[in-house]
Amino acid sequence: MRRKFFLLLVTDYWLLVTFIGCGPSYPETRVKESIIKICKKEYGLDVKVATVGKTITIYLPLTQLIDFTFAITKEASEKINDVILTAARVTLSTDAKVDFYCIIAHDVRIPEIQIVIVKYVDDVKRFLLNDISRGEYSKRMLVDIRLSPQAQKERAIKDVFSKMKLDEKWEDQVMNEFFRAEPTGLGEMGYWEGRFYIKDVTLAEFLAEQTANRIKMEFKEDRFLSDNFLMKSAKGTYVSKEDERYFRFDVSAAPNGEAVEMSAQELQNKVNQAALRIAYQVLHGYRFEDFNYVLVVDITDDRATKVLKEDLKNFRSKNAKLDGAMEVEVY
Amino acid sequence: MISRKLKLFIKVYWVRFAILLAILLLLVLAIWGMMSLESFYRNITLAQLPMQILLVAFNAAIFVFLYMSVLGGRGFTKFSKKITVRGELVNIKWSDVIGMDSIKEESKEVVELIKDRVRVKNIGGKIMRGILMFGPPGCGKTYLAKAIATETGLPFVSMSGSEFVELFVGVGASRMRQLFKRARELAYGYGGCIVFIDELDAVGRNRVFSAYGGTEETNSTQNQLLAEMDGLQEMEDKSGEARPEQNIVVIGATNAPEERIDPALRRPGRFDRILYIDLPSLQDREKIFEYYLGKVKYDKSIDIGRLARKSVHKSPADIANVVKEAALIATRNRREEIKFVDFSEAIERIELGLKHKRILTPREKEMVAYHESGHLITTYLLHPTEDVFKASIVSRRHTLGVVWPQPREELYTQSKEKLLADVKVYLSGYAAEKLKFNTTADGVWGDFKQATTIAHAMVWMLGMSEAGFLGDYTAIPQSQLSDSIKEKLNNETDKIFKSCLKEVEELLKKERPLLDRFAKELIEREELDYDEIDAIFKEYGKMHTNAA
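In order, the protein sequences belong to chains A and B. Residue 253 in numbering that gives the first Met the number 0 sits at position 254 of the first sequence, and the numbers go up by one each step. Residue 11 in numbering that gives the first Met the number 0 sits at position 12 of the second sequence, and the numbers go up by one each step.
Hints were generated in silico from the structure; no laboratory data involved. Just so you know, these numbers come straight off a predicted model, no measurement behind them. In this text, a Cβ means the ideal position worked out from N, Cα and C, and glycines have one as well. No false leads were mixed into what you were given.
The following label-pair restraints were derived from C-beta to C-beta distances:
#, chain 1, residue 1, chain 2, residue 2, range
1, B, 37, A, 182, 30 to 36 Å
2, B, 28, A, 151, 55 to 61 Å
3, A, 151, B, 51, 51 to 57 Å
Calculated pairs, EDC-like style, for lysine to aspartate or glutamate (alpha carbon to alpha carbon, straight line, at most 16 Å):
#, chain 1, residue 1, chain 2, residue 2
4, A, 36, B, 37
5, A, 124, B, 37
6, B, 107, B, 150
7, A, 157, A, 111
8, B, 364, B, 523
9, B, 537, B, 386
Only chain B is shown next, with the shape it has when bound in the complex (with noise of 0.2 Å):
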């Protein structure tokens, strides 16, 4: 192994050498040189060296220049040296890896096939070539290929699905092939390795086939993929023994629907394994909170159980940043230790976006707080699931004026009553303005394109109409629907529509001293968090939905 490592040494790093000889022997050289001159012309040379260092620099930064600009650092088709790393340098373990247990187990099988090959071939089974991890952004895919690079010991190679998408026709296959001979030295040298593509989608997605016989690049480098892949299955059909450079597990990564990858890549003997990492349970991000918060200085009497509570459908980066960014609001408000108000200051502001001022005339500013209060009312005495978190008439983002609403617990999937309820939230904008001014405002029209969405998919999709409409229309091409069909289709939305407004009008109006009071504080404070309107409600003697 030592030997065929020095081998592998000399063999990835031969210029290397060559240069350091090459410089050892220029160095001799010139104190040989510079040994035979006499004192006077060695110092003017020595004086001379500094100038020539700095010309050369010089010259060099202008080619480095040049290079970096033409080429983008690299030649077409080579890729840097730094996407190696050796397996143990990762250094991220199974501990590291929070919450996604079942994923881990089904990780740490594979390591073991990867580990066992010898075993798994002895029992005549066929060896891991790949894993494809499918997962929402920043929910510890990379994480997750890298705990199986360190627990593994094998070099990591890493390169993203993009670094192959270049202008240049064949950049990508030409990568591709470079990668994979990358890999197999390395699997030469150390007994196996991992290589890793984020990003898969880049260079997986469904290939597209001309009717003219041309074809797209990304084509040309998945087909490139797909060969080198092939190619290490037949060398290990070839052999009968088991060969280092055959030992080469591909691991890829993407946020896209599985759908979207090629099936190709799909089929067993590429990516035999499918991982789908999905968001963390509550359980797991109170994991993840814990190991977040054992890295900063906080409040030890905050309940970590809240804090995972109140950040449903939060990927472990999104916890990441909402630590940092509470670390950063506890610092400017030179605080010790970050408070709970950090936390919700940080979580807000991520959710939420940055407050920026805008001047409202009063008119304007008492029609968006009676839009507000519209929703923040409907929200919480009809919505079976969800929690006002928090209500707003402060500009962010493009809105200008905001009620939060909370999950009460992870829910995946979603009823007749509490879609009916989302469809009333977002109509009681509508009506609260309606029933205050008389009239309404633009701002209804993000509401009503949500509301419209989702009774249009209860109708067409889910079967949830009065009427008994059962099936998805939508998977009826336009053209074999009938009209008469899609006219009554269309008058069963119509009526969930115009049920749920009215059933929120009748709310609105029974509740009005409530509206005129939430609007009130609103246009006072422009802001209202979760116990200051659960004492409002609590004082008109209101309970919500779930607890009465």
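The shape of chain A in the complex, shown without the other chains (with noise of 0.2 Å):
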């Protein structure tokens, strides 16, 4: 009686496992349908899904998607929060392969001006279940304002059918064949007049992009560096050619007047460190394996610091030397 009755339970677990454990949420095949109707039902939103590769890109028009100092108005980020976890939920559970998921929000008064975010689903997994702390989590994610490259183009060539008095009717024929392409970067991902502007997001050009971020991010809150050096800009990209591929990361950070007293090199060998610890921090992270070599250029004079994989573990504390790298000259 008694192991019959324990049996039994044995038996409704492994069935409460096996029955309820399997199966999606959100198949594959309604994964767009599930994300419409999720925004829809449970926040009133009215959003466009597209999907290129293993990287959804949901499009989020917004009234007031900023004020006019030109900041996020909390209603829209109040929204655009919503259609994040939306999509977390459903790339958390859905069977399709999704490796990265991207939101653009776009204010339909200003149709120029949009929020790209970019979030690699691996993470919101590993912060689901604290193997990242939430400091960490927003710093893996891109967000970037900015004018719409397309809207750009567009406008640029508008202006010159304008200018030379071309026949309008052309104007949509050379957008298409010549200007309305798959962006080739991150920076040309958008929405603009009923088209999406999306590419399937690759981990390499990720971590470029989060790295560059997060380089910037380091210049402004270290204390050294940001009493020492301006940072104007920095720009990441994954190199993969035939036979090598590499991170390179292009920073121009600008001694300030009150620089301590250091000579010329000794402060670009900061900004070298302080940019390849970042690197090494992201890379290792991720534990991202296929490159050869990371390199950080100087864009005011065109020389760059080279630094094998193998020797990039050097830069893992902030007082580390230059131990492995190499002066190099780009063009």
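Dock chain to chain to rebuild the complex, using the hints, since each chain is given by itself in its own frame.
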């Protein structure tokens, strides 16, 4: 009697595990519909969804994205968060192979301005499983407020047609033929006049962009760097050629007037150290191995510091010396 | 009856019902809750389940360990649920009770009385309340009680008397109340119940009444038993009709002598029927051997009667043990079936214990050999009722040697001749040592003790002295016996002792060649079996006392 009862309980448990455990909530065939449905039903938001490869992109039109100070309004922020949450829910509970999701929020009054947010699904999982901290999680998200590159292109072409008084009926054809192509980088992604300009995000380019963002942030947060340097720009790219793959970070940080007494070379070394440290943290954090070296380029004199993958771990700490770093020229 | 059984079932198992319902409800809620989760969160929850179960099991194990170590696995007053068995499930039928024919007849009558309570009441008879079984251990008292339960088809609630004994005061009485409460519930559900208390002497021995007003814990347990049994009586008296709760029969079993059980328990109305279960007779032993041999492979040419004769004074449990041991010996000897030698070895091993070699000096070994040869010759030539089954100078337990006598038949009385022969046999070891070595060793101490006890009892208690002292002088307080009487009685004891010793010495002197031969054989072979011993005696033209 007791054994039967015990067996019944065990059987129930396995039934629970087997039947409830299997089966995704949002099957691959209904991913787009599910996102649209949740946004509409639970948050009252009308969104559009497009997928390319393993990237899902959600377009969210808003009536008031930014206020007169060019800051994101509270309402817009809440709505964007709702869409982020929806995207997370669906991408985590689907059998579709989704690596990234991207949210493009657009102010319908000023459609040229857009916010593009890119998230890596594994980061979301790791955050929910407490594998990474909230601070680290927010650093791993790409957030960019920019003018839509496609809008800029199309406005320019329209100006050309207008100035040259060309027949407007050819305008759309020219646009389609020459200027409405799939973006080549993350910075070109966006939504313009009913069309998605999106690409399948790769982990390498995502990491390159994320590292650049973190370098910029480091120059604001680190006391020494913020006191002595003025960060002008930082750009990250992943270059994949036939025989080599590497990360290139173009960093422009000029010493400010009240800088400590250091030679120009010493100051440049500080910049390189910071950039390489951040690169090591990011690439190590993702266990990313598909590269041969990292290149930090000082865009003011086209000189660069090259560090091989196996030497990158030397830059773990802030006081790391430039062991293994080679000075190279770039063009 | 079915509704009563159902009500009883719910009443007894309501906690299980409640737990089962709660589990089912929780299971449904768990499934519902899980279904409402998205697959990612559902998977996380399911992934955590084994660890949670492991943690719960770990906590439970710690709790159970503490519970078991502190409370012995029960509350202070609760007892195990396993004590209850349905009568039919006991499944021991009359046919399984081997031998004990007269007791079986009595028991069958008891079963009939339990079954036909209404008929007994109709003719104004009193319903039986209890049966008390006395007998040596291993004689099948528990087995018989189970057979009674099977035949009546009533639930069987079994507890050992020792289970009522605890460190804490009042626990025994409380358990007794619990036991009878359970029995009443079962009797309500099934129309009757049999309560079996094994080793009743643990709670039923004569109560001690302290002059200081204190009482023993056993007293209160026994008082509770008496009260419960009286309660059954009262229940019966008040109600005109037969109520199922009153149909409880208490069966007690004990190895203790009858006088050790409190008279209050033995009086009618409590344990009305007293059954004396004795060791099996020759015929019973044959049947028991047949029963146990039916379960093993054995040489069919074995004379079961011979086995039965070899196992005088053995209980059914001993016989079961002999068969089991013989099977083990046969297996060890790589035999396909059990042979007679295996039974012999098994009996010897059980009776004498395992051999263990002690290294004796030649002188010690010779002395032991002569000592045992003395016993051997005296038993063979002088003892009227016993054979020599085996003689050995191999150490077993605490002895250096042994002559193992075997009663030729079962005797329930001991004659003067038999007792005198016993004394002679006990003294023969001493006599043999003295004859050969002109000195003796301390191996005679045990023999002397036995011989003195017998001789003393013959004179002081059994009226077997030559001077004609009759009566049991031990019944008279020692202070009331005069010194002259005591002296005379002791002189008579001494006379018996000395006359026996003289007779043995003369015998051994006369049979000196035989004594030397047996001693030599024992030193060389260490052990002699019955057949070998008999052959040597025949070689010297000697016959057994009885055979002569």
